[in-house]
Amino acid sequence: MDPLLAARLQMAMSMGFHIIFACIGMTMPVLMAYSEWKWLKTGEQVYLDLTKAWSKGVAIFFAVGAVSGTVLSFELGLLWPEFMEHAGAIIGMPFSWEGTAFFIEAIALGLFLYGWKRMNKWAHWVSGVVVGISGVMSGILVVAANGWMNSPTGFDYVNGEYINIDPVAAMLNAAWFSEALHMTLAAFVSTSFAVAGVHAILLLKDRTNVFHQKATQLALIFGSVAALLIPISGDIAAKDVAKRQPAKLAAMEALYHTEQPASLIIGGIPNDETETVDYAIHIPYALSFLAHGDFNAEVTGLDKIPKDERPPVLVTHFAFQIMIGCGSILAFVGLLYLFFSWRKQEMLTRTWWLRLLAFCTPLGFLAVEAGWTVTEVGRQPWIIYGYMKTEDAVSTMPGLEYSFYLITGIYIMLTIVVAWLMQRQIKTVHLMYSTANKTGKIGNKNAIKAALGQENN
Amino acid sequence: MVEFVMLTLGIALFLYTVLGGADFGAGIVEMLVGKRSISTISKAIAPVWEANHVWLILVIVVIFNGFPKVYSTLSLVLHLPLMAVLVGIILRGTTFTFRHYDVLEDGTHKYYTAIFRISSIITPIFLGIILGAMILGNITLDQSQGFYGMFVAPWFNWFCLAMGVFSLGLFTLISAVFLIGEVETEEGREIMSRLSKRLLIVNLILGILVMLSAENEGFPLIQSFLAAPFSLTMVILASILIPVLIRFINQNAILKMRVTMGAIIAMIMVGWAIVQYPTFIQFSDGTSLTIENTQAPPATFRQLVIALAVGVSLIIPATIYLFRVFKWGNDD
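Those protein sequences? They're chains A and B, same order as listed. For the first sequence, the numbering used here begins at 1 and goes up steadily by one. For the second sequence, the numbering used here begins at 1 and goes up steadily by one.
Just to be clear, a hint being listed does not mean it is correct.
To be verified - Computed list of chain B residues with no C-beta within reach of chain A, every gap over 12 Å:
1. 13
2. 181
3. 185
4. 186
5. 193
6. 197
7. 208
8. 216
9. 228
10. 251
11. 256
12. 260
13. 273
14. 288
15. 291
As the list claims (entries may be wrong) - Example chain A residues on the side facing chain B (calculated, C-beta under 10 Å, incomplete):
16. 83
17. 85
18. 115
Claimed, not checked - Below, in silico cross-link-like pairs of lysine to aspartate or glutamate (EDC-like), each with a Cα-Cα straight-line distance of 20 Å or less:
19. 197(B) <-> 186(B)
20. 445(A) <-> 106(B)
21. 56(A) <-> 102(B)
22. 243(A) <-> 298(A)
23. 427(A) <-> 102(B)
24. 445(A) <-> 105(B)
25. 389(A) <-> 308(A)
26. 43(B) <-> 186(B)
27. 427(A) <-> 106(B)
28. 449(A) <-> 102(B)
Calculated from the structure, these hints are not laboratory results. All C-beta atoms, glycine included, are put in the ideal place defined by N, C-alpha and C.
Based on the sequences and whatever the hints tell you, model everything.
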């Protein structure tokens, strides 16, 4: 395998794996802290049970997120030593702040997970809030580094040297705000809808279960609001990309030829040979408006970009369509939820609604994966946009593909094990918490074994 | 400024050795004393283990932000042992949590336990190997050396291997001493005390092996210590503390033995750091990457210092609070 391809695949796989756990790590603490707050205010047992049940799953996700994040911090160097040698001094700053945020998060999580009996109720709640804040902060800070790769700033590039380094300017790069906003909202949308979906599936089996009802509701409050805001952050991000990275925007939209006014291309199969998009829907003027806020604006096509600086069109365009598709569905479902809970609460227990939520379970994460694919593949062939090509940054160690096989094997195995552990938690949740249960058998070992399909002995 | 960064780096390394080391060692202690200890170990480590391992991330961040050339060189030439460390970190961290947070302890747990133990061995060994390779001076950036010469030989030798086994022994010792104060039964405490004393002897032997293997590789380790009076003093002091540690173990004085253990580690590390100063990586052609010639520009360094100062002033009290809640509080 070509070393560049091996390194890119390993990076993509590691990021794609980690981002799921990072999203959960950013969102779940907020959901748990909200649920615990409801318990502290109302004294309703169901909120306490919910907080505890969620925290068990979060502990597993957090551990996987922590190690896969550690892996990434090494992989930056293992795969791209040339990049890190120059980028380290310029864009290390957000990482050093992120280190602190992550540290605080790990400490607060230890207190939150294990401190139920050892801390005052409110101190415990505060530890949950701290986990949430520091988790979101970590995410925002790490995205600053990606923003810099897309809009490098804070240095002068003279004769192949990066001089006059200004790390603060590098951190406050032009892409940071839009990327971080979009990513944070995406974390909330994806995790909240996944949580709501899982509880909706359980509700389909047991309609009157208060535990799952409250869980779905809590998750959807956050999910819906974020899903309605995300088109706005997406629009900000798209306009920003149109201005800074016309090549990426052209690849996203599969716009081979510069147009004025430009039409929006939906779907279709981009063909690099003929430079056409087959079977696509064209909406006149729409792209000009979306990219530049003006129906008659010119939108740069790939024809203005030198051939060796064009990102892969097919992957970028498909990924973009998937992201928009999933995001739109979730925004619509979010709108429905807000409307139903305002005017037509009886709809929220209907079978079709629960089935719709179940269908939405993976969509947010799918959109997150697709969105990162757009950002990363759309930046190619650059690792530092306009300054360093990815092929020049890759490690010179022979046999990089074996690293890729190894890490892939481990992550596939971890995915299977985490899924297996989660289904065990889900299958037994009614035996652990009184509010999720109607038969009154709490914590009965034989019942738990039976629920997991094991013989009693 | 550079002094502050190096001090923070040193403290982070020390805390990772002591806290992270105790976690790694726990996997081996568990293997040595058997299944009974699992619940004790899980109980002792679970609340703090995530935080213990973040010290490593802090070390990485300081190196790649403050000394980027060191980070990029290490990740290029020590790719293989670093991958081994990563695999160990992934498997260990996840299986520990899987085992602890599963709904039911059943047959599947023996797989987590097996992987947890194996990765608890692999990781410290390769951490030691990496450290050994950095100081030994076999590292080269000369592509003509071929795959073996450039990517394997610098770390695959008796000295690095001895460093690896020494780290493993040290981590196990730290863990055993720490666990004396965590086990709940009198019998368990005796087993841990006996194990700690045996491990002390094992570590002395391993330390001698490190020196002998250094001689074998033509690396003047002993001579460098002899040439640095301060370092020599540190090593002598650390040796004097060993019988003191044994005494505290016999007296079952928990806090005293933990502090003494920490002091021994700190002295070895300080002594070694002085010998090593200011070199990060020694190349085979005699040149080296040092604190001076790899430093990021002043503007970057200033920001790093600010971030570290704020970070440390938040992290240290938070860590102390965490430990107070779980380690020095009364059991429920």
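Against the structure, the hints come out as follows:
For residue 13(B), the requirement that its beta carbon stay farther than 12 Å from each beta carbon of chain A is met, with the minimum near 14 Å. Non-interface call for residue 181(B) relative to chain A: holds, since the shortest CB-CB distance, roughly 18 Å, exceeds 12 Å. Under the 12 Å C-beta cut-off, the non-interface status given to residue 185(B) relative to chain A holds; the minimum distance is some 22 Å. Residue 186(B), annotated as away from the interface, keeps every beta carbon of chain A farther than 12 Å; the closest lies near 25 Å.
Consistency note on residue 193(B): stated as away from chain A, and its beta-carbon is indeed over 12 Å from all of that chain's, at 27 Å minimum. For residue 197(B), the condition that its CB be more than 12 Å from all CB atoms of chain A holds, with the nearest at approximately 31 Å. For residue 208(B), the requirement that its beta carbon stay farther than 12 Å from each beta carbon of chain A is met, with the minimum near 32 Å. No Cβ of chain A approaches the Cβ of residue 216(B) within 12 Å, the least distance being about 27 Å, so the stated non-interface status holds.
For residue 228(B), the non-interface assignment is confirmed: its Cβ lies about 31 Å from the closest Cβ of chain A, beyond the 12 Å cut-off. With a minimum CB-CB distance of about 28 Å to chain A, residue 251(B) clears the 12 Å threshold, and the non-interface call stands. Listed as a non-interface residue, residue 256(B) keeps its Cβ farther than 12 Å from every Cβ of chain A; the least gap is roughly 25 Å. The claim that residue 260(B) is not at the interface with chain A holds, since no C-beta of that chain comes within 12 Å of its own (minimum 26 Å).
Even its closest Cβ contact with chain A, about 22 Å, leaves residue 273(B) beyond 12 Å, as expected for a residue assigned away from the interface. Separation of residue 288(B) from chain A is adequate, the least Cβ-Cβ distance of about 17 Å exceeding the 12 Å criterion. In this structure residue 291(B) is separated from chain A by more than 12 Å, as the shortest Cβ-Cβ distance comes to about 15 Å. Look at residue 83(A): its Cβ gets to within about 8 Å of chain B, closer than 10 Å, so that hint holds up.
Because the closest C-beta pair between residue 85(A) and chain B is about 4 Å apart, less than 10 Å, the hint holds. Because the smallest distance between the Cβ of residue 115(A) and any Cβ of chain B comes to about 6 Å, under 10 Å, the interface hint for this residue holds. A distance of roughly 17 Å separates the Cα atoms of residue 197(B) and residue 186(B); the hinted pair therefore holds under the 20 Å criterion. Straight-line distance between C-alpha atoms of residue 445(A) and residue 106(B) comes to about 11 Å, which keeps the hinted pair within the 20 Å bound.
For a cut-off of 20 Å, the pair hint linking residue 56(A) to residue 102(B) stands: about 9 Å separates their Cα positions. Proximity of residue 243(A) to residue 298(A) is assessed by CA-CA distance (about 12 Å); at most 20 Å being required, the pair is judged to hold. Restraint check for residue 427(A) and residue 102(B): satisfied, since their Cα atoms lie roughly 12 Å apart, inside the 20 Å limit. Distance hint between residue 445(A) and residue 105(B) is fulfilled; the C-alpha atoms sit about 10 Å from each other, no more than 20 Å.
Between residue 389(A) and residue 308(A) the alpha-carbon distance is near 10 Å, which keeps this suggested pair within the 20 Å criterion. Distance check on the hinted pair: residue 43(B) and residue 186(B) sit about 17 Å apart at the alpha-carbon level, within 20 Å; holds. A distance of roughly 15 Å separates the Cα atoms of residue 427(A) and residue 106(B); the hinted pair therefore holds under the 20 Å criterion. Only pairs whose Cα atoms come within 20 Å are accepted, and residue 449(A) paired with residue 102(B) is accepted, the gap being roughly 12 Å.
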